[in-house]
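> Chains X and D are the protein sequences, given in the same order.
Each residue of the first sequence is one higher than the one before, starting from 0 at the first, in numbering that gives the first Met the number 0.
Each residue of the second sequence is one higher than the one before, starting from 0 at the first, in numbering that gives the first Met the number 0.
Any given hint could be a false lead.
Said to hold, decoys possible - Okay, derived cross-link-like pairs now, EDC-like style, lysine to aspartate or glutamate, Cα gap no bigger than 20 Å in a straight line:
(1) X:LYS56 x D:GLU104
(2) X:LYS77 x D:GLU104
(3) X:LYS114 x D:GLU30
(4) X:LYS49 x D:GLU30
(5) D:LYS63 x X:ASP53
(6) D:LYS26 x X:ASP53
(7) D:LYS120 x X:ASP53
(8) X:LYS73 x D:GLU58
(9) X:LYS73 x D:ASP64
(10) X:LYS119 x D:GLU58
(11) D:LYS33 x X:ASP53
Stated by the list, open to error - Quick look at which bits of chain X chain D covers, simulated, 3 or more residues with Cβ under 8 Å:
(12) 77-84
(13) 108-119
(14) 139-149
What the hints assert, rightly or not - Chain D is nowhere near these chain X residues, computed Cβ spacing over 10 Å in every case:
(15) ILE40
(16) VAL43
(17) PRO51
(18) THR52
(19) TYR54
(20) GLU62
(21) THR74
(22) ASP104
(23) TRP124
(24) ILE136
(25) ALA163
(26) ASP170
To be clear, the hints were calculated from the coordinates, so they are not data collected in a lab.
Bear in mind that the values here come from a model prediction, so they are computed numbers and not experimental data.
Heads up, the beta-carbon is just placed ideally off N, CA and C, and yes, glycines get one too.
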Amino acid sequence: MKTQTKSKNLVVPRKSGFSTGAQMEILGLAIVVVLILMATIYIVSFLVIKTPTDYRKGFVSAELASNMLNTLLKTAAKDCSQLTMTELFQDCAQGQGIVCSNGQDSCMYAESTAKKIFEKTLDKWNMKYEFLAYTDINAPLVKAGSRCLSEKRSKLFPIPISSATMYAKLDICG
Amino acid sequence: MGETIAVLFVFFVLITIGFIFYVKVVKSNIEQEKDEFSQLRSVGVAQRVMFLPELQCSEDNIIKDNCIDILKIDSAQSLMKENEVYYYDLLQFSEVSISQIYPVEAKWEIYSRSLEGFKSKFVTNIPISLYNPSTRRYGFGVLAIETFSK
Numbered sequence: 000m001k002t003q004t005k006s007k008n009l010v011v012p013r014k015s016g017f018s019t020g021a022q023m024e025i026l027g028l029a030i031v032v033v034l035i036l037m038a039t040i041y042i043v044s045f046l047v048i049k050t051p052t053d054y055r056k057g058f059v060s061a062e063l064a065s066n067m068l069n070t071l072l073k074t075a076a077k078d079c080s081q082l083t084m085t086e087l088f089q090d091c092a093q094g095q096g097i098v099c100s101n102g103q104d105s106c107m108y109a110e111s112t113a114k115k116i117f118e119k120t121l122d123k124w125n126m127k128y129e130f131l132a133y134t135d136i137n138a139p140l141v142k143a144g145s146r147c148l149s150e151k152r153s154k155l156f157p158i159p160i161s162s163a164t165m166y167a168k169l170d171i172c173g
Numbered sequence: 000m001g002e003t004i005a006v007l008f009v010f011f012v013l014i015t016i017g018f019i020f021y022v023k024v025v026k027s028n029i030e031q032e033k034d035e036f037s038q039l040r041s042v043g044v045a046q047r048v049m050f051l052p053e054l055q056c057s058e059d060n061i062i063k064d065n066c067i068d069i070l071k072i073d074s075a076q077s078l079m080k081e082n083e084v085y086y087y088d089l090l091q092f093s094e095v096s097i098s099q100i101y102p103v104e105a106k107w108e109i110y111s112r113s114l115e116g117f118k119s120k121f122v123t124n125i126p127i128s129l130y131n132p133s134t135r136r137y138g139f140g141v142l143a144i145e146t147f148s149k
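Bound conformation, chain D alone (with noise of 0.2 Å):
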């Protein structure tokens, strides 16, 4: 009897921790999930930001690839704040700015939307090329795009 019961606690314990071992890869799996997701989003907020029409350059409808007009920041600006919502769906709870390194230092703030308590934060920086329409030059920028998660 003493024998029966020394085996089957035995074997229970074995099966607790097994179940803990299993437990802990699948609560580990979930995490490494819920990090990917959230860097998937922030590739995916950064690609929106880098092809929105409100922002990109273009020449006789013809649209140029990294490329930001100047001219157009102040009109997104207000755009995005009258409509939140909309840009919400687009670039959730992320923040967005672009700063000339060259030929002036300026910084503009595009989006701005950050999340209380947020668990992990990813900062993405692009170079791009800020277009001035008005005297047809390049500037050389840097598009910062910081997204939050839960």
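Looking at chain X on its own, in the form it has when it is part of the complex (with noise of 0.2 Å):
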């Protein structure tokens, strides 16, 4: 009977023992599957799973600027004697001697016009943009839009004037 006694006691305390160690271990062994888990999910998302490439966004932004200065600088305008932008751009550099049938001056006509032009091109289809031209970056003569903040697509476009060269500048913003 004595034995009997003796050895209940010894197995109960091992058996609880032996219990708790299992269940670390496994608790352990979980830890290691969820984080291999984890860093596979990881790769995976870096291997597999592409960075979409917006090839539209790409071909619109860099066809836009020089396509909107171009075009701009080509247009008559139709109140001064259908002559083009870049020629009232000239005469706006070189000291407005032409007068528009509308009363106004060449670089005021050149800068409604080009505002009504982007009002109902670049403000329609919500895209911020600045226009400048000048022959001093820092006194331009002509304003539209505001400057951009963060990412732009630029571009410049030299006009000859008598004393030096002005420059027609196009910004789209984003």
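Two chains, each in its own frame: build the complex with the hints.
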């Protein structure tokens, strides 16, 4: 009888100690499995999931600034003896000898026409932009839109004038 | 026996979760590729329209870039209606229109073949010069190309 009780007394604490250790091992294994799973998901998300490429945006932004400026400079002013916008900008930089049939000088007419065109295009398409025509960038002759605060697509077009070179610059933001 | 079943159950659950994850990733990649393909198609159609000889300005056989001849538009419209199959190969499911913004406002529908129940639609607006050969003056216009895809 004595031996039986002894053996019973010996077995009980050993059994409970083994159970706790095994539980800890399983918990450790579970943590390892979760970590491996997370690492796999992280790696797979980098390797398999591709970042989307916006081909159209690249094409549109590349075409837009240059086409906009080229087209604007070629456009004939309806109230200024059909002079082109380039000729109006040139006159604006060279002393404003031209007065249009609506009474505006070349600088004012060019600015109002540019603003009118941008209103019906870039503003309508919710695009931010800055247009400048200048000989000295710190004192622009014609200005439309507001400065781009971050990324921009820019097009600079040199226009020859008698004294130096003036520039027409269009920045499309974003 | 019970332990083996439990382990196998957990194993298969993990396999199923992994498979679902993989399928979702592949599905999203396919959707993405489909979207990229639609975008490329839209860019392709836009470029084809910009360089259509039926619309492009030319003088003494010299082509002017980014320019559309106003006098060619009417003929191009009727030509595209008469040769629908040929232009469908070029422009597919899309709508092409030209709007004059300055000096006077005007609009021309060049090609129209929309897709019913389309899933995505891309609108590309390209500023373009509109040349009037009779006055030899340029106006400011916008070439709008809408492409549809399922």
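> With reference to the structure, classify each hint as holding or not holding.
Going down the list of hints, with the structure as the test:
The suggested pairing of LYS56 (chain X) with GLU104 (chain D) is violated, with an alpha-carbon distance near 27 Å, which exceeds 20 Å. Between LYS77 (chain X) and GLU104 (chain D) the alpha-carbon distance is near 13 Å, which keeps this suggested pair within the 20 Å criterion. This hinted pair does not check out: LYS114 (chain X) and GLU30 (chain D) have alpha carbons roughly 40 Å apart, beyond 20 Å. The suggested pairing of LYS49 (chain X) with GLU30 (chain D) holds, with an alpha-carbon distance near 11 Å, which does not exceed 20 Å.
Only pairs whose Cα atoms come within 20 Å are accepted, and LYS63 (chain D) paired with ASP53 (chain X) is rejected, the gap being roughly 29 Å. A C-alpha spacing of about 19 Å is found between LYS26 (chain D) and ASP53 (chain X), which places the hinted pair at or below 20 Å, so the restraint holds. Among the hinted pairs, LYS120 (chain D) with ASP53 (chain X) is consistent with the structure: their alpha-carbon atoms are about 14 Å apart, no more than 20 Å. Of the pairs offered as hints, the one joining LYS73 (chain X) and GLU58 (chain D) holds, with about 16 Å between alpha carbons and a cut-off of 20 Å not exceeded.
Of the supplied pair hints, the one linking LYS73 (chain X) and ASP64 (chain D) holds, its CA atoms being roughly 12 Å apart against a limit of 20 Å. For the given pair, LYS119 (chain X) sits about 30 Å from GLU58 (chain D) by alpha-carbon distance, which is inconsistent with the 20 Å threshold. Between LYS33 (chain D) and ASP53 (chain X) the alpha-carbon distance is near 12 Å, which keeps this suggested pair within the 20 Å criterion. Note: the segment 77-84 of chain X has 3 residues with beta-carbon separation from chain D under 8 Å; the three-residue rule is met and the coverage holds.
By the rule of at least three residues with a Cβ nearer than 8 Å to a Cβ of chain D, the coverage given for the segment 108-119 of chain X holds, with 4 such residues. Three residues within the 8 Å Cβ limit are the bar, and the segment 139-149 of chain X against chain D gives 0, so the coverage statement is violated. Listed as outside the interface, ILE40 (chain X) is inconsistent with that label: its C-beta sits roughly 7 Å from the nearest C-beta of chain D, within the 10 Å cut-off. Not every C-beta of chain D lies more than 10 Å from that of VAL43 (chain X), the closest at about 7 Å, which undercuts listing it as non-interface.
With 10 Å as the threshold on Cβ separation, the claim that PRO51 (chain X) sits away from chain D is violated: the shortest Cβ distance comes to roughly 5 Å. Taking the minimum C-beta to C-beta distance to chain D, about 6 Å, the non-interface status of THR52 (chain X) is violated against the 10 Å cut. The beta carbon of TYR54 (chain X) sits about 5 Å from the closest Cβ of chain D, which is not more than 10 Å, so the claim that it is off the interface is violated. With 10 Å as the threshold on Cβ separation, the claim that GLU62 (chain X) sits away from chain D is violated: the shortest Cβ distance comes to roughly 6 Å.
For THR74 (chain X), the non-interface assignment is contradicted: its Cβ lies about 5 Å from the closest Cβ of chain D, within the 10 Å cut-off. Listed as a non-interface residue, ASP104 (chain X) keeps its Cβ farther than 10 Å from every Cβ of chain D; the least gap is roughly 19 Å. With a cut of 10 Å on Cβ distances, TRP124 (chain X) falls inside the contact zone with chain D, its closest approach being about 6 Å. ILE136 (chain X), annotated as away from the interface, keeps every beta carbon of chain D farther than 10 Å; the closest lies near 24 Å.
For ALA163 (chain X), the non-interface assignment is confirmed: its Cβ lies about 26 Å from the closest Cβ of chain D, beyond the 10 Å cut-off. With a least CB separation of 15 Å from chain D, ASP170 (chain X) remains clear of the 10 Å interface cut-off, as annotated.
Hints 1, 3, 5, 10, 14, 15, 16, 17, 18, 19, 20, 21 and 23 from the earlier list are contradicted by this structure; the remaining hints agree with it.
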